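There are 2 protein chains.
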Amino acid sequence: MPDTIKYVLSEDQMPKFWYNIAADLPSPPPAPLHPGTGQPISPSDLGAIFPAPIIEQEMSMEREIEIPTEIRNIYRQWRPSPLYRARRLEKALDTPAKIYYKYEGVSPAGSHKTNSAFPQAFYNKISGIKRLVTETGAGQWGSSLSMAAEAFGLECLVYMVKVSFSQKPYRRALMETFGAKVIASPSETTACGREILATSPDSSGSLGMAISEAVEVAAHDPEASYCLGSVLNHVLLHQTIIGLEAKMQLELAGAAPDILIGCTGGGSNFAGLVFPFLKEKLRGGGGPRVIAVEPKACPSLTKGLYAYDYGDVSKLTPLVKMNTLGSGFVPPGFHAGGLRYHGMAPLVSQVLQHGAIEATSVDQLEVFQSAVQFAHAECIVPAPESSHAVAIAIHEANLCKQSGETKNIVFNLSGHGHFDMQAYMDYFAGKLVNYAYPEQEIAMALSSLPSV
Amino acid sequence: MPDTIKYVLSEDQMPKFWYNIAADLPSPPPAPLHPGTGQPISPSDLGAIFPAPIIEQEMSMEREIEIPTEIRNIYRQWRPSPLYRARRLEKALDTPAKIYYKYEGVSPAGSHKTNSAFPQAFYNKISGIKRLVTETGAGQWGSSLSMAAEAFGLECLVYMVKVSFSQKPYRRALMETFGAKVIASPSETTACGREILATSPDSSGSLGMAISEAVEVAAHDPEASYCLGSVLNHVLLHQTIIGLEAKMQLELAGAAPDILIGCTGGGSNFAGLVFPFLKEKLRGGGGPRVIAVEPKACPSLTKGLYAYDYGDVSKLTPLVKMNTLGSGFVPPGFHAGGLRYHGMAPLVSQVLQHGAIEATSVDQLEVFQSAVQFAHAECIVPAPESSHAVAIAIHEANLCKQSGETKNIVFNLSGHGHFDMQAYMDYFAGKLVNYAYPEQEIAMALSSLPSV
Numbered sequence: 001m002p003d004t005i006k007y008v009l010s011e012d013q014m015p016k017f018w019y020n021i022a023a024d025l026p027s028p029p030p031a032p033l034h035p036g037t038g039q040p041i042s043p044s045d046l047g048a049i050f051p052a053p054i055i056e057q058e059m060s061m062e063r064e065i066e067i068p069t070e071i072r073n074i075y076r077q078w079r080p081s082p083l084y085r086a087r088r089l090e091k092a093l094d095t096p097a098k099i100y101y102k103y104e105g106v107s108p109a110g111s112h113k114t115n116s117a118f119p120q121a122f123y124n125k126i127s128g129i130k131r132l133v134t135e136t137g138a139g140q141w142g143s144s145l146s147m148a149a150e151a152f153g154l155e156c157l158v159y160m161v162k163v164s165f166s167q168k169p170y171r172r173a174l175m176e177t178f179g180a181k182v183i184a185s186p187s188e189t190t191a192c193g194r195e196i197l198a199t200s201p202d203s204s205g206s207l208g209m210a211i212s213e214a215v216e217v218a219a220h221d222p223e224a225s226y227c228l229g230s231v232l233n234h235v236l237l238h239q240t241i242i243g244l245e246a247k248m249q250l251e252l253a254g255a256a257p258d259i260l261i262g263c264t265g266g267g268s269n270f271a272g273l274v275f276p277f278l279k280e281k282l283r284g285g286g287g288p289r290v291i292a293v294e295p296k297a298c299p300s301l302t303k304g305l306y307a308y309d310y311g312d313v314s315k316l317t318p319l320v321k322m323n324t325l326g327s328g329f330v331p332p333g334f335h336a337g338g339l340r341y342h343g344m345a346p347l348v349s350q351v352l353q354h355g356a357i358e359a360t361s362v363d364q365l366e367v368f369q370s371a372v373q374f375a376h377a378e379c380i381v382p383a384p385e386s387s388h389a390v391a392i393a394i395h396e397a398n399l400c401k402q403s404g405e406t407k408n409i410v411f412n413l414s415g416h417g418h419f420d421m422q423a424y425m426d427y428f429a430g431k432l433v434n435y436a437y438p439e440q441e442i443a444m445a446l447s448s449l450p451s452v
Numbered sequence: 001m002p003d004t005i006k007y008v009l010s011e012d013q014m015p016k017f018w019y020n021i022a023a024d025l026p027s028p029p030p031a032p033l034h035p036g037t038g039q040p041i042s043p044s045d046l047g048a049i050f051p052a053p054i055i056e057q058e059m060s061m062e063r064e065i066e067i068p069t070e071i072r073n074i075y076r077q078w079r080p081s082p083l084y085r086a087r088r089l090e091k092a093l094d095t096p097a098k099i100y101y102k103y104e105g106v107s108p109a110g111s112h113k114t115n116s117a118f119p120q121a122f123y124n125k126i127s128g129i130k131r132l133v134t135e136t137g138a139g140q141w142g143s144s145l146s147m148a149a150e151a152f153g154l155e156c157l158v159y160m161v162k163v164s165f166s167q168k169p170y171r172r173a174l175m176e177t178f179g180a181k182v183i184a185s186p187s188e189t190t191a192c193g194r195e196i197l198a199t200s201p202d203s204s205g206s207l208g209m210a211i212s213e214a215v216e217v218a219a220h221d222p223e224a225s226y227c228l229g230s231v232l233n234h235v236l237l238h239q240t241i242i243g244l245e246a247k248m249q250l251e252l253a254g255a256a257p258d259i260l261i262g263c264t265g266g267g268s269n270f271a272g273l274v275f276p277f278l279k280e281k282l283r284g285g286g287g288p289r290v291i292a293v294e295p296k297a298c299p300s301l302t303k304g305l306y307a308y309d310y311g312d313v314s315k316l317t318p319l320v321k322m323n324t325l326g327s328g329f330v331p332p333g334f335h336a337g338g339l340r341y342h343g344m345a346p347l348v349s350q351v352l353q354h355g356a357i358e359a360t361s362v363d364q365l366e367v368f369q370s371a372v373q374f375a376h377a378e379c380i381v382p383a384p385e386s387s388h389a390v391a392i393a394i395h396e397a398n399l400c401k402q403s404g405e406t407k408n409i410v411f412n413l414s415g416h417g418h419f420d421m422q423a424y425m426d427y428f429a430g431k432l433v434n435y436a437y438p439e440q441e442i443a444m445a446l447s448s449l450p451s452v
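In the order they appear, the protein sequences are chains E and A.
In this text, residue positions in the first sequence follow the working numbering: the first is 1, and each later residue adds one.
In this text, residue positions in the second sequence follow the working numbering: the first is 1, and each later residue adds one.
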């Protein structure tokens, strides 16, 4: 059996700054627009739902933003996270490619989401906020924020997409273990939830709906803040610690990456890994191929439009320019709840526009087949979301086998699948299907994009 | 919030030898006896179910046994495992004690069990064995052996205690993900299973029954070996890497341990942590207090007899001298399936006889209360088994608060609870109870101890 190779950094080597890609974009990020007026928002417009330090990060054009000592001390529980060379997978594929993966499943919640949950809780705490309101799809974000809120003595209210709420009772139990209150969305607890239920009483929910409910609650409670686990600039910023570490680890390995891969739902784990590698490409220079992988059933990057749209169903959020399938689009209930979002991080959408990254999509069955293949070789059961990246890493490694090329393929294994075993059971039982590209639903949702 | 402190070893510092406590016992370990003749067994008697390298380790009196390079290469995926100082828990308890925990949940199966699963699979592979047969209670061992078997290209058959099979479908799914065949025990697939079902058709199973079934299958298949996840000398040997690492990490921390704590079911994680610290105590010298923690509902160390007994219900295994509640004792179905065993590792039982360790027991509700308290402070949800150790660590830290003593308390957090969320849900819903000490059942089982 080939040796396991793990590239480890010492705590001293853990980055002291996050990387803000906004400083390196060829053109400034398009301004978010006020949902009422359609005019560019000011920091104070965001004050109703975010504390000042978060708003400052959201709008910052500084290239490097210091990670507070308090957060570095918390990060040290699981960071620097390991970078592995998947030697056993390479052997199983009989490929000349070298496959590396950054493993974020070592975090206490089992995914990269803690990288942003703790900073968000921290900034809210020092701003005098008492409770955090959020939404969660797969539950990775909700459990991360629950832990972080508990750690800083804050209350936490989580709107969990109804289909995930039913599929994943143990994710919910994990959040409750950390004292969070978890509500299936859409719910009767908010005006927008009631409105959705009035027209669609059997709605299985979506991230767009859950965001509406969470934003509504936060906006009406002066002691509460809204927290988002992806999409926004400050979230992607916090996640760049993944790529900053990976860069150092790849240098340790003596491996210049040829291909970087991450799955994309809202974009945070993808951006976290790849943004620190994009500087030269954004200046028209060279660099690795960078591939975003999304589900065929929710293909915002490969089939969506780059346009101003709302982040939520009920049109409570600012309008942001992003790749979108239309805020009214409700994806089918496939087993990667973290990727069921109609939009894409504006910064990820923009680097796609600039040609610095490419995007592709995969079917559900290929995702699970790849996940099992990876697990057999590497002894880690990946989250269904992360398995989208696994699938394309295997695909590229197979292409290397055909061409004989020794490429360095790097992907982000953003989380483990310990709370996704029902999906694996369904897969083994032959119950999972590929979803047809929801062409009509997306066309309809896109037809009602706001005109700005 | 207090800083997280993690004590990390480099891969170069990972131990190259396991520690065999048999070499340091004041008296030699009592010989196992043949179940048919009652005479001391010879290595060849064990040949029907174990390969030669395992038998050699089981009977070895060498103090240090080299860890094969192949195993060290695999260990490197998750080892050296971290030692943490639980500063946030200390603060929550407002104790002057310093609490350290060795965290084995970082392994790919989520517990210490992989430390022995991979060596066992390796030794079987190089001995020409084609399939491994085992039992599992909580599922930690079964999933570890499933991974290890898959890694070495061996088949794996797991008899899973029926109550766990029902309580933990996702543990089963994890084993199946690695290609193992999982059967609820007692089953119709073996003669001893059929015999048990004939008299107790509704039996919820026990480790003692599942062992009988696995041993029966292995004994009748020349290409199969039996594997055990605890109790036996070679298993405890493999686990000593935990304590050998912890010793170095505590030196890094500048902390001489005052109290060492581990939970005990079969004894493997406990022995793994504490055996490397016992050398002086076994010679009549000083050393830390060492506490084994067991469930009040299955109290082999605190209420059992030190006597020769069978390891299984159907009396197929050799007789070993150990603390036992009687091989016919079936513990109630509490939520720590890994601790539902009538016996205790002979080596752990012997060091208790020598006065080098002490034992205590805790109730189920205290276990879960402590587990949640730990999770809130340290952001890790512990396995119910490991939470027995957490409970006594908290108890000792509270005593330090009363006395004002600054003791160094070290415990083994042997696994995470990601596959135990049903137990947590039941706890939150108020469905868990404390089990009365099963006095009559134990008395009855002890009354039929074999006379040797």
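Be a bit skeptical, because a hint or two may be false.
No copy labels: a pair is met if it fits in one copy or bridges any two.
[Unchecked claim] Straight-line distance between alpha carbons at most 30 Å, and here's what the computed BS3-like set of lysine-lysine pairs gives:
#, residue 1, residue 2
1, Lys315, Lys16
2, Lys16, Lys401
3, Lys91, Lys181
4, Lys431, Lys6
5, Lys16, Lys91
6, Lys279, Lys321
7, Lys91, Lys125
8, Lys401, Lys321
For the record, the hints were derived by calculation from the structure and aren't laboratory data.
These figures come from a predicted structure and were not determined experimentally.
Hint by hint, here is what the structure shows:
no. : hint               : result
1   : Lys315 with Lys16  : neither (37 Å within a copy, 61 Å between copies)
2   : Lys16 with Lys401  : neither (39 Å within a copy, 37 Å between copies)
3   : Lys91 with Lys181  : between (46 Å within a copy, 25 Å between copies)
4   : Lys431 with Lys6   : neither (36 Å within a copy, 43 Å between copies)
5   : Lys16 with Lys91   : between (37 Å within a copy, 26 Å between copies)
6   : Lys279 with Lys321 : within (21 Å within a copy, 67 Å between copies)
7   : Lys91 with Lys125  : between (48 Å within a copy, 19 Å between copies)
8   : Lys401 with Lys321 : neither (39 Å within a copy, 57 Å between copies)
Violated hints, in rising order: 1, 2, 4 and 8; the structure is consistent with all others.
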